[in-house]
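Trainee: Single-letter residue listing:
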Amino acid sequence: MALLSKKDTGLLLDPLADNNPITIQVLGICSALAITAQLKASIVMALSVVFVLAVGNVVISLMRNIIPSKIRIIVQLVVVAALVIIVDQVLKAFAYELSKTLSVFVGLIITNCIIMGRFEAFALGNGPYRSFLDGIGNAAGYGLILIIVGFFRELLGSGTLLGFKVLGDPIAKTGLYAIGYENNGFMLLSPMALIVVGIIIWIQRSRNSALIEEN
Amino acid sequence: MGLKEKLHGIKEDFKGKKMAPAFNALHTFLYTPNETTHNGSHIRAVDDLKRTMNTVIMALIPVLIWGIFNAGYQHYAAVDAANGIIREASLFGNFFTWDNLAMGAITVLPLVIVSYLVGLGVEFIFAVIKGHEVEEGYLVTGMLVPLIVPVDIPLWMLAVAVVFGVVIGKEVFGGTGMNILNPALTIRAFLFFAYPTWMSGDKVWVHGAKDVVGTPDAISGETILGAYAQNSSVVYDFADKFFGFIPGSVGETSTFLIILGGLFLMFTKIASWRIIFSAIVGAAVMGLIFNGVVDQGWISEGSKFYGLMNTPFWEHLIIGGIAFGIVYMATDPVSGAQTNTGKYWYGFLIGFFSIMIRVFNPAYPEGVFLAILLMNVFAPTIDHYVVQANVKKRMKRLKLKTA
Chain Y
0 MALLSKKDTG
10 LLLDPLADNN
20 PITIQVLGIC
30 SALAITAQLK
40 ASIVMALSVV
50 FVLAVGNVVI
60 SLMRNIIPSK
70 IRIIVQLVVV
80 AALVIIVDQV
90 LKAFAYELSK
100 TLSVFVGLII
110 TNCIIMGRFE
120 AFALGNGPYR
130 SFLDGIGNAA
140 GYGLILIIVG
150 FFRELLGSGT
160 LLGFKVLGDP
170 IAKTGLYAIG
180 YENNGFMLLS
190 PMALIVVGII
200 IWIQRSRNSA
210 LIEEN
Chain E
0 MGLKEKLHGI
10 KEDFKGKKMA
20 PAFNALHTFL
30 YTPNETTHNG
40 SHIRAVDDLK
50 RTMNTVIMAL
60 IPVLIWGIFN
70 AGYQHYAAVD
80 AANGIIREAS
90 LFGNFFTWDN
100 LAMGAITVLP
110 LVIVSYLVGL
120 GVEFIFAVIK
130 GHEVEEGYLV
140 TGMLVPLIVP
150 VDIPLWMLAV
160 AVVFGVVIGK
170 EVFGGTGMNI
180 LNPALTIRAF
190 LFFAYPTWMS
200 GDKVWVHGAK
210 DVVGTPDAIS
220 GETILGAYAQ
230 NSSVVYDFAD
240 KFFGFIPGSV
250 GETSTFLIIL
260 GGLFLMFTKI
270 ASWRIIFSAI
280 VGAAVMGLIF
290 NGVVDQGWIS
300 EGSKFYGLMN
310 TPFWEHLIIG
320 GIAFGIVYMA
330 TDPVSGAQTN
340 TGKYWYGFLI
350 GFFSIMIRVF
360 NPAYPEGVFL
370 AILLMNVFAP
380 TIDHYVVQAN
390 VKKRMKRLKL
400 KTA
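Taken in sequence, the protein lines are chains Y and E.
Just so you know, we're using numbering that gives the first Met the number 0 here: the first sequence kicks off at 0 and counts up by one.
Just so you know, we're using numbering that gives the first Met the number 0 here: the second sequence kicks off at 0 and counts up by one.
Think of the hints as simulated: they come from the structure by calculation, not from any bench.
C-beta: ideal position from N, C-alpha, C; glycine also.
Any given hint might turn out to be false.
Restraint ranges, calculated between C-beta atoms of paired labels, are given here [said to hold, decoys possible]:
no.: 1; chain 1: E; residue 1: P332; chain 2: Y; residue 2: G197; range: 50 to 56 Å
no.: 2; chain 1: E; residue 1: G301; chain 2: Y; residue 2: Y95; range: 37 to 43 Å
no.: 3; chain 1: E; residue 1: T401; chain 2: Y; residue 2: I66; range: 41 to 47 Å
So, partial list: chain Y residues that the calculated Cβ filter (under 10 Å) puts toward chain E [as the list claims (entries may be wrong)]:
no.: 4; residue: S4
no.: 5; residue: I85
no.: 6; residue: D87
no.: 7; residue: Y176
no.: 8; residue: A177
no.: 9; residue: W201
So, partial list: chain Y residues that the calculated Cβ filter (under 7 Å) puts toward chain E [claimed, not checked]:
no.: 10; residue: G167
no.: 11; residue: G179
no.: 12; residue: E181
no.: 13; residue: N183
no.: 14; residue: F185
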């Protein structure tokens, strides 16, 4: 007996690739562009969203039968807001510098379309366990793209990964910099994040032509 | 049996194979293919893509040659200046010399070669993957790119930028003829934002200036725009600026040759005179507005905008890359506006925004490439409104008739 049934595995794994919230549903783009200049910030953002979405999905799913449908958006917002404030305070307490870097974008998890989207589309109609898996899966799909984008932007833009100078020291001219390499400042600007996301989408769709929309 | 027949023979062998597009590209480049169209009626015209491209390249050759000599001239002039010798430019005395040619050739030709090798390489790869024919689109882009970068740009940076520009600026949209942005300007924009220290400042416009920073031999190669942006004066007189004895990107210095190239392109109907004309008007209008602001005394001499605002409007047209941009870049038939009325607006706004960016953002003294890219994006919108206006007009006429 497998740990997860086939259907449940799908809940976890589909959002990582063929139903990715960023590259397929094109949700949650704003934060993907804003905070991916460093890998560390991307990872923290990804983990925050995993927490908020997984817990939020469970809470909404438990309450799904008692929420009057007329005010469900307000209820959902209250739940997300509470969870986001928890994340924000934890970051401020234990990783102050990082919370400075992420600035408003932690707070803006509230407005991340992925979260409201999953509440509306999944948690309101499914049990807590499946909602939990769905939350983890979607947030991980979001986080995966964030981390890929963050990896390339930090590596090519600053020549570092998680703060380590993997390409050498640009000031002391060691490593790659000794032969004339220079950091690509464009990578640190948000437009380049959009282009990197676009390239990921391009590669994904050219590998799997079923994803290409008909127009 | 001549070379031509042999090539046709090889083409038959290659037919249907994976590398066919790559071979066909070389073949088409040399000869008109022996393939004829099979069905339907077709309009025959001699001004095909290949001839259009070749005409633009012809118009660029004088600019390139001037750029080569000027690269050498500026280098030796700067070295002289560092030693206290002030040069008086003379065309045959110290400009068209073998020394200048040699120095210019070793700095500029590698840029041309890298641009073509990398750019055509990307085109070939895409043609083979996608199985379409290689288009001639890169021929002009490949020539424009070395002309709009500083002489000392490292070759690997140029290569990276060319890959980016060709892939993101052109291939993602479907290749030649489908691009919304001018690929050459996409390449320049990439370089500008990615490696700003190599694309602006006073050390990149003259060959060798970057190597001697901080040494007693240090040479300065400020562009005129750069100098005005810092409210300092320049030593160049009108003839220097007009004929191009000034530091700058490789191909943009000689306004005179650019005007000749522009006339040639307009005469051969490759470039739209509407765009060129209205862009010049747009730049002049913006320049006059700024001159007016200075005349009214609304801005003090200490202001950081004063230097460029006080520049006479006609001088704006002959310094910096605006002439080059208007003649060779704004007139790109693919990324520009298509309707005749739209072309006036498109050109006017390019000129207008170029001078505005130039004056208001001293960090980007060269506004023309940003202005053209911006208007590239808006060109379809302009066309849309022009077409809608026409539709509305004709609907009105129709109603009058039926009423």
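Trainee: Need the list of violated hint numbers for this structure, in ascending order.
Mentor: Of the numbered hints given earlier, those the structure breaks are 1, 3, 4, 5, 6, 7, 8, 10, listed in rising order.
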